[in-house]
Amino acid sequence: MNSKFQNAALSTALALIGVGLFFLLWLALNRFAPDLPTPTSTWQGARIYIVEPFAYRGEQDQGLLSLTSKSLILVAKGYFIALLIGAPIGFCLGLSKNFTRTFDPIVQVLRPVSPLAWFPLGMVLFLGTGGQALEYGALFTIAVCAMWPTVLNTAVGVRAIPQDYLNVGRVLRLSKTKMLFKIMVPATLPYMFTGFRLSLGIAWLVIVAVEMLTGKVGIGQFIQDAYMNANYGNIIVGILTIGIVGYILDRLMSVVEARFKTA
Amino acid sequence: MSHFLELSQLHKTFPTPKGPLTVVKDFNLKFRKGEFIALIGHSGCGKSTVLSMVAGLEDVSRGGIVLTGKEVTSAGPDRGVVFQAPCLLPWFTAFENVMLGVDQVYYTASKLERRQIAEYYLSLVGLADAMHKRPAELSQGMRQRCGIARAFALSPKMLLLDEPFGMLDNLTKMELQDVLLDLWQRDQKTALMVTHDVDEALYLADRVVMMTDGPEATVGDILEIPFPRPRNRRELLENPEYYRLREYLIHFLNERSHHRPAPSIPPAATPAPDSGIKRFFNSLSVV
Numbered sequence: 003m004n005s006k007f008q009n010a011a012l013s014t015a016l017a018l019i020g021v022g023l024f025f026l027l028w029l030a031l032n033r034f035a036p037d038l039p040t041p042t043s044t045w046q047g048a049r050i051y052i053v054e055p056f057a058y059r060g061e062q063d064q065g066l067l068s069l070t071s072k073s074l075i076l077v078a079k080g081y082f083i084a085l086l087i088g089a090p091i092g093f094c095l096g097l098s099k100n101f102t103r104t105f106d107p108i109v110q111v112l113r114p115v116s117p118l119a120w121f122p123l124g125m126v127l128f129l130g131t132g133g134q135a136l137e138y139g140a141l142f143t144i145a146v147c148a149m150w151p152t153v154l155n156t157a158v159g160v161r162a163i164p165q166d167y168l169n170v171g172r173v174l175r176l177s178k179t180k181m182l183f184k185i186m187v188p189a190t191l192p193y194m195f196t197g198f199r200l201s202l203g204i205a206w207l208v209i210v211a212v213e214m215l216t217g218k219v220g221i222g223q224f225i226q227d228a229y230m231n232a233n234y235g236n237i238i239v240g241i242l243t244i245g246i247v248g249y250i251l252d253r254l255m256s257v258v259e260a261r262f263k264t265a
Numbered sequence: 107m108s109h110f111l112e113l114s115q116l117h118k119t120f121p122t123p124k125g126p127l128t129v130v131k132d133f134n135l136k137f138r139k140g141e142f143i144a145l146i147g148h149s150g151c152g153k154s155t156v157l158s159m160v161a162g163l164e165d166v167s168r169g170g171i172v173l174t175g176k177e178v179t180s181a182g183p184d185r186g187v188v189f190q191a192p193c194l195l196p197w198f199t200a201f202e203n204v205m206l207g208v209d210q211v212y213y214t215a216s217k218l219e220r221r222q223i224a225e226y227y228l229s230l231v232g233l234a235d236a237m238h239k240r241p242a243e244l245s246q247g248m249r250q251r252c253g254i255a256r257a258f259a260l261s262p263k264m265l266l267l268d269e270p271f272g273m274l275d276n277l278t279k280m281e282l283q284d285v286l287l288d289l290w291q292r293d294q295k296t297a298l299m300v301t302h303d304v305d306e307a308l309y310l311a312d313r314v315v316m317m318t319d320g321p322e323a324t325v326g327d328i329l330e331i332p333f334p335r336p337r338n339r340r341e342l343l344e345n346p347e348y349y350r351l352r353e354y355l356i357h358f359l360n361e362r363s364h365h366r367p368a369p370s371i372p373p374a375a376t377p378a379p380d381s382g383i384k385r386f387f388n389s390l391s392v393v
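Quick mapping for you: the protein sequence lines, in order, are chains A and B. Following my numbering, the numbering of the first sequence begins with 3 at its first residue and continues without gaps. Following my numbering, the numbering of the second sequence begins with 107 at its first residue and continues without gaps.
So that you can see chain B by itself, here it is in the shape it has in the complex (with noise of 0.2 Å):
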């Protein structure tokens, strides 16, 4: 079966003065149709550069991209992108950054359809009444309101996520991973989004994949997400399951990401084996 997106063998190398950096190495990894995929790491550990890699923003050094059967080799608007800084154009309102998108996907629409759509849009992330605003005008949260915007107007075949909520306070990040959800959930689109941030991977993503740190970063280990959607946020954090997830990625990323990937155990098959001390007390209480 072919996948919808699929990273093989993926090397991102950087010309460096003391000779060529390995950034990436060996990333494989394959997304079903739909499925939201968060990419963790500590910061500098080239997750971004993946992601920049699959934008096409970023020349891939090995190794291929395939997209719905056809190999990624430049940025398009089949995937959409959100940057971390939302990078609208300040010169334009909200609703003329959207709109520059719109203009260029839908050009075979009437002029009026191709506003509709904008409005549309913008009115779903909450900004229809700032529409016509200028970034400078805005605040952090609704820049990024407007970046999900501009992405998802684009009707594109899948979404890419840069750290988009990694500037914003913690109550506007969570309203903002609200409207995120309500829009992917509408809509289905595959996505794959960086952070490093743990809850927000438990609550948003379908499979989290972890990767080592770098240089010569690559995946270290996935982990499926099973909390039924929608999803609701509050159940999320009563649910014992939750703490365990997040403490297993918590372990990762301060003890096993350090080394390149030893073969990946399934979480939870096997609680994790006593250690020495642990089972001399046992054997005590059993006497």
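Only chain A is shown next, with the shape it has when bound in the complex (with noise of 0.2 Å):
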């Protein structure tokens, strides 16, 4: 007992050493950058987007966990599309060797370009829609970029299947549909959730390019503002609080994936 809150207390003193290194080096760096903002008026340039979260002074004029929500939103709605493509195909690639065969090579094409690249080309598949081609493209290129590590992962999760449950099912004759949604699906779940965490945490990263191509409200745009109005501070700020978000939902996610691993 005694020793476990010693060992806490040991974590939160190294992790506070190490916030305070990073403001050592982040001070250094003022030496040789002059135009990087100290983290004092960092803190000034920024206060208000700080202090009043939710404030709304505008579209282009939020408080920070506004914006956040907003980028949230799409990145709610591209990874939701990209886990219900991406586990199916995976589900597809662990069950059948032609299958794999077949699609194998394409996935690992596609797989290493950037969503930089994919935006262009989700604007054009959706120019058809008009107004809502901006929105269509931006989820196009969520999906498809946060879509591989559940493609994958669900592979490896269906090829790993005990034969012995499998065998369970053959014994009592199940149909297709029970063999699925008793057996298999329950068997893969742990690894489909490390594939989902991982999505998530792409999903997380693509929003700054996305909103950036786009010019849509959120953290991303912040900083793109702040680049473009030169308040640099506040690039800093929207680093921050995408890394701090992108660590909860990692967190979160790990929660949920322990929960899974036990079953």
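None of these hints come from the bench; they were simulated from the model. Every residue gets a Cβ at the ideal spot worked out from N, C-alpha and C, and that includes glycine. Fair warning: there could be bad hints in the mix.
[Stated by the list, open to error] Some, not all, of what chain B presents toward chain A, calculated at C-beta under 8 Å:
1. L163
2. A181
3. P183
4. C193
[As the list claims (entries may be wrong)] Below are the DSS-like pairs computed for lysine-lysine, each with C-alpha atoms no more than 25 Å apart in a straight line:
5. K218(A) - K79(A)
6. K217(B) - K178(A)
7. K239(B) - K180(A)
8. K180(A) - K263(B)
9. K217(B) - K263(B)
10. K279(B) - K180(A)
11. K295(B) - K279(B)
12. K295(B) - K263(B)
13. K217(B) - K239(B)
14. K6(A) - K99(A)
15. K139(B) - K295(B)
Could you use the hints to bring the two separately framed chains together as a complex?
Right, here's the structure in full:
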């Protein structure tokens, strides 16, 4: 009990030292890059966005959390599209050798493509929708970039289903549907959730690029705006916000993932 | 007379990088209805392969398996399998694991009736209080109890047990052997059990089939176990006949299992001929 407490105290202390070193590095960098705002001037410039996180002073001028929530909504939409498409593709890859032979090369070629490259194609795809093209193009980009970890992890998970579980299903002569939902999906879930967590990380990574390209209001566009208006401190505030939100999302997904691991 | 289950000229060949390997060759065995057969042999001799073929989980390379007049071609719930690692699905509770099969077999019964069937078998194996726990919360022995309940709840034509107690400690093993015997006597199921435990085979089986070592494993010898049922473990252990049969089985595993079968000699019919040296001493004492 005591050692547990000591351990926690040590962790906190070391983490605080890490933060302190970060600020020292920042101050040191200020000497070399005179245009880089100091921690104090950054705080002064960004104060209004932080202390009034939900303020709405106009479309382009909102509190940080208000902007973040806009980004999160867009990410959530794209992310769910990614899961809905990615998980079934992963299942097919895991189940069928011929499906893998047919589509794995395409998957491997498309996987490393940057969101910056996908976005113009997304726009072209949805040009016919007129005013909605930006929104659909953005969702397309998030979905396409974020689905790969889900695809690959699901495929690995399906291949790793123990033969014993499948034998249970064969002895009981389960129907294809029951086999899928009572045995294969639950057996694959731990792998799928690893994929889901990684996919969420990528979706959140892509949002900044997408907002910069589309000009859609959000945390990524906040950074772009800060750069354009020479409020350089806000760039740093935007980066920290993205990082913290990404970290929280990852922790949340880890909790869910761990729950399924034991099942 | 047609038999309940007949394995004839059973062959199993696996492809290997060095060409096909015949694991089981010319395996012939006939089951009477309600009979409990134990299949013993050294590990890796192919006894589990025979069981998997009867279960329909492995293809038969040559020969045939006929169960109540019908050829076995695939797995099905008419053959309840108890696996070595009980193979419970970890995302279901013990009850749900049993229900998965019950729902499948008794699809015409009402939901309530199906629940009652599952609960009945789970109580018979002693899991009444733990049936809503997940496998991870159960001990190894309790999991295997659930595995047994799952197989019996299917109301199968026959039971296939693949070293079901191989992973248990001795005390739990004896408990579960009694649970199994109890259920088996209630339902009078024909059963095939793979084991390498000689005492287990003697206690449970009507006949013990000894398999020769692989590759090309086959039936080496068959021993009828004459003990009346219901059997009592303590009485059995006090019976000299038990030790004679035990000796016979162990002798087979140690000496004879390495060769393809010679024509089998009925045990105890003729006492083993005395060795030369013994005859020599005997003759001395007579003089």
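(message) If you test the structure against every hint from before, which numbers come out violated?
(response) Hint check: 10, 14 fail, others pass.
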